[in-house]
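Residue numbers (my numbering), protein chains in the order written: chain A, 40 to 235; chain B, 40 to 235; chain C, 24 to 523; chain D, 24 to 523.
Worth flagging that the hints you see were computed from the coordinates, not collected in a lab.
Hints may contain errors.
[Said to hold, decoys possible] Residues from chain D that face chain C, not an exhaustive set, calculated with beta carbons under 10 Å:
no., residue
1, D199
2, H380
3, H391
4, K417
5, A473
6, P474
[Claimed, not checked] In silico DSS-like cross-links for lysine-lysine, where the CA-CA straight-line distance does not exceed 25 Å:
no., chain 1, residue 1, chain 2, residue 2
7, A, K114, D, K169
8, D, K94, A, K112
9, D, K27, D, K119
10, A, K101, C, K144
Just so it is clear, CB atoms sit at the ideal spot from N, CA and C, and this is done for glycine as well.
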Amino acid sequence: MAVNLPPAAGKTRNAWLIFKLIYMALEINIDGRTAQVTELKRDGNLLTIQVDDEIYEIDALKVGEGIYSMIYKGKSYNIEMIDNGSPRHYTVNSFYNSYQVEVIDAQTRYRQSRSKGDSSDTGNTIVSPMPGKVVRIPVKVGEAVEAGQTLIIVSAMKMESEFKARTAGTVKSIHAAEGDTIDANKVLVVVEPAAE
Amino acid sequence: MAVNLPPAAGKTRNAWLIFKLIYMALEINIDGRTAQVTELKRDGNLLTIQVDDEIYEIDALKVGEGIYSMIYKGKSYNIEMIDNGSPRHYTVNSFYNSYQVEVIDAQTRYRQSRSKGDSSDTGNTIVSPMPGKVVRIPVKVGEAVEAGQTLIIVSAMKMESEFKARTAGTVKSIHAAEGDTIDANKVLVVVEPAAE
Amino acid sequence: MIKKVLVANRGEIAVRIMRSCREMGIPTVAVFSDADRSSMHVRYADEAYHIGPAPSIESYLNIDKIIEAAKKSRADAIHPGYGFLSENASFSERCKKEGIEFIGPNPDAIRQMGDKITARKTMIAAGVPVVPGTVDKITDYAEALKTIREIGLPVMIKASAGGGGKGMRLVKREEDIESSLRGARSEAKTAFGDDSVYVEKYIESPHHIEFQILADKHGNAIHLFERECSVQRRHQKVIEETPSPLLTPAVRAEMGAHAVAAAKACNYHGAGTIEFIADDNQNYYFLEMNTRLQVEHPITERVVGVDLVKEMINIANGFELPFRQEDLKQSGHAIECRIYAEDPDNNFMPSPGTIRHISEPLGLGVRHDGYVYEGYTIPIYYDPMISKLIVWAKNRDEAIRRMGRALHEYKITGVKTSIPFLARIMEAEAFKSGKYNTHFIEENKEFLFAPHDCDGICEDIALIAAFLEHSSKLEKIKSTDNGSKPAASRWKDPQRVAYI
Amino acid sequence: MIKKVLVANRGEIAVRIMRSCREMGIPTVAVFSDADRSSMHVRYADEAYHIGPAPSIESYLNIDKIIEAAKKSRADAIHPGYGFLSENASFSERCKKEGIEFIGPNPDAIRQMGDKITARKTMIAAGVPVVPGTVDKITDYAEALKTIREIGLPVMIKASAGGGGKGMRLVKREEDIESSLRGARSEAKTAFGDDSVYVEKYIESPHHIEFQILADKHGNAIHLFERECSVQRRHQKVIEETPSPLLTPAVRAEMGAHAVAAAKACNYHGAGTIEFIADDNQNYYFLEMNTRLQVEHPITERVVGVDLVKEMINIANGFELPFRQEDLKQSGHAIECRIYAEDPDNNFMPSPGTIRHISEPLGLGVRHDGYVYEGYTIPIYYDPMISKLIVWAKNRDEAIRRMGRALHEYKITGVKTSIPFLARIMEAEAFKSGKYNTHFIEENKEFLFAPHDCDGICEDIALIAAFLEHSSKLEKIKSTDNGSKPAASRWKDPQRVAYI
């Protein structure tokens, strides 16, 4: 990864502003692949940008809120960015394809190195995927739960969603109350997994 | 005018920020009528506002850039604001009717009291009504011109507009060159009227 | 004559009704909940009244509040739209009592068709085919065999006390009847303590086909042909089209006649829909009647050339239908796609939020019925449908291509939508060939959710866009910082570091 | 078979052409000037090439640049749209030379119809009526009298060397012929030094009616009925409708036959328009032929049910027309309004600028062909038309009401538009009755520009909106100030005081 990167642009992501005067670079995860994206040159909307090993000379223009028009080698691409309620997560639509994108920052890397992966991936932390209203929380802090047991029920747009524990464990914390209106990407319930 | 206004809100327009904590007020000219508009109370989008002698309790909501939805006595009004390229001038559309609106500030009042009216009204100052490109300026500074003589030709959107002197006089200043791209509301040519 | 219409609804259907009223010169009154002050229907109406808090039960379902708004605004008629109070017989009754014209059927017709058993009996009496089966308990093998032979295989044996798939057996071959019956009864006994079962015809390849009807107050009733609504997810329609690719002209005419008979059987007036389930061989059975305007009514309007809302108002006014059955014909082909704020890649989870940018599909043959606009926040309290995209073309093939084109143009940012998913359906062979049933999405999952091949470039382009979006966000934070405090201090602010 | 189409145009017509290409599965190539990188046609196309600076002469009219883009992108056909190079015979010829299919007529047909005198002669030979008159100079009274009697009164006497209304006399009564002739000649002598004049029929109440034609490369030609285009300002069409409220079926059929004869007379292939001028009594005369797609083509598409761009591409491909004259009929009524970025209250002065907000008209019977979007800046270099609003309904009355409704929904902020003016036309008696000619706007000025009565409340509401907009602007300035410097300092900044 990041083979042809200019010196100093590679690894020290938490200090990017320091070398930004030379190169702006971000580490971005797209559907599981982690790519190094480095801006090499910008002349109005004409951009020279490196994505991993590939260098692109691309005409990239923001034409509206979250709408990008890109011309690369004569081809016209339209890209739509959809916020995911979290400042570093996006859904990126390129007509047919929809990509899940996460910009990796120093904190994330630190957290990931400590916990070996995002805690929500293990199913022990219930994060609201959408804004909604908490209908019911059938568990209490300290309560032992089975895998598959319902932890919280959220309602949005005429549909109720039940969120269940992925593994057995103990309810460590609850961050919402019944009747609460909640935003997307809010941590709702955290379960401490039982020792395996 | 301004009969029921609260104390101090009436006349000293150039110091409105001082009493803003109590009442916000603006003097606004609409199609020739000058009205005193004073905000008396605001509770979210529920507004109590005085227009000259009339007090309105109105549900006023900005729903988009320059788009207002107003509900007054059950009736729903949609108002569109169109910038005129100048910070105090607007065109206000209320479906069928289109109003020319000018917010009057201290400077304007001062200028008006000195010159008895806006100088552009006398036809001695040519102001571009729209963005465009200067095609030709057939006069020079210091040149004597007749009433009706063409001072500048501007092209925009496949149409050329000739701007002419309203009265005879001398070209005092020219603020554009042939081939220039100009913005709206830019002073282009000023003519010093001949003594009558 | 109706002089002012209150629309007891919200969203796209409220706006759609107001459109026809405006064309008729009839002023409209909107009602809105706390969550809907900025909703398009409030801006669209001539008058607007607040009727309560966001939850529907306290606003759009609150009969007293709506009647109060009607009286305040002196509206002499109420159009209920679909959903909410549209099939509420008490509401229709209350309007009558208050001297307000309910633009829809009589309370009796709503009640009669609202109760499934009464509706089924009414249809049987009117000679309309219903799904064959028996609701009587079967305990005896000989009796079961007799009933099943009458219905014809395949059948479904279901536990009377049943639910959740327990005590249920699908029987396809005669030799399996006995063992299936035994299995179902024993399972039912264990699960519910009751071994009685009943038998229903199993429709193997079900098509959801419905007929639009119009009936006036003078006993005249006609149908406006069918709508094919078999593309569904979670039992909710996603795409509808007309004409149905399944029906032959003869069956269409026969079903239409049954639909008219159904409407007449309940002394119906107004617009209504007779829903049928049909199999691949065009055997069809009455499912239910919707005694209101349907979400998918625009495809009928486009192909038949009739404004259904105007007709509803004219009927409420006591006018006779302006056309006879033989005046109507289907011209060309229409398709509707429902655009939901939802995430198809995440089990169609609703995705409310604020619309940042819309590029609307426009041009030849495109009708768009929506209500959202840039800067509008879709509330969490109501349906996630944000608009309906309807196309028309000379024939089905062109209509599919046109819908594909329109979906390509339609770009929304801010919330996730079903647009890319719908675009994929327009390319699915099963849809293009017209050979599909209600299992379509399930059966075509692999194709519908497969990533699109793009030579790997699309992914990099997406990365570049994400880079630009995020870096401009960082720039903005930085410049705001620079404005408000010395540049050095920002490194100490943990909130801000979190964004970098 | 055409495999890739370069659209040598911009704005709404470029997008409209690309829509049909997309439906046909044909990839498209956009070309753009410096001013158009953010234009919708660049976003819409599959490929996009920059062709030069903003002025048309250096980009959209630059034949070499466009041919270069076609070769680079391997486009095998070019659609010229309308305007720009669409009626440029050299461009059509150059395409042919380069082996690129020009989607339009042969250079010869363009030349033949482009020259007014040749066109007139061709039409006379084909038996198509032209405006009666003589281009021969008249110097003798007896000769003049004879000619005028042949033409019939009223006539216009015009100076041969004329222009600017000088040396021109309208003659309505026979007894005025002599004095008018004398006056015209003497005025012409003074103004141009040449006293020769000619005579032309004066059409008193002129209607602009045009016929759409389609002709293939195999000698088949048909017409797709008329478009009434008499609502004009500054000789530019503002509103078009079909059918024309003036024509009877018999005259329509006769004019249509003449239109087909006109197309055949110049060996035409592709889409074209025969423009006629007609008087109140349906006497009609050939004016000119437009050898390209017309701005107002969508109303024909809607009423006849044909996609004209697709037909143009099929004709270019060498296909025969898929229908005969007798297959076509007009169904219902369609109206188009051209939406200009202009100020109707200020002599229709163009009003370019940045679009801040759009609420698009949607719903039943509405077609919208546009290209602007929120945040888009309309360039000063090109046509001020930003979109076309087309409605269809069963009949003319409903179509007018529907257009009124659509215009009511259409809200644009940022630039001034003709929307409120067009809405007013939909309420004008002369328009509603269908009794109007090209003098319509001039003759109805008082009604069209009169303020709408609103009980004085609208003005106050407008004041309140202005108050809110301006005070929030002041708040914003203030809060930016607060962020960047101590509050006290602001009073010293003259720039900022100017805003208060």
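Next item on the list: Please name the hints from earlier in the document that this structure breaks, with their numbers sorted from lowest to highest.
Entry: 1, 5, 6, 7 and 10
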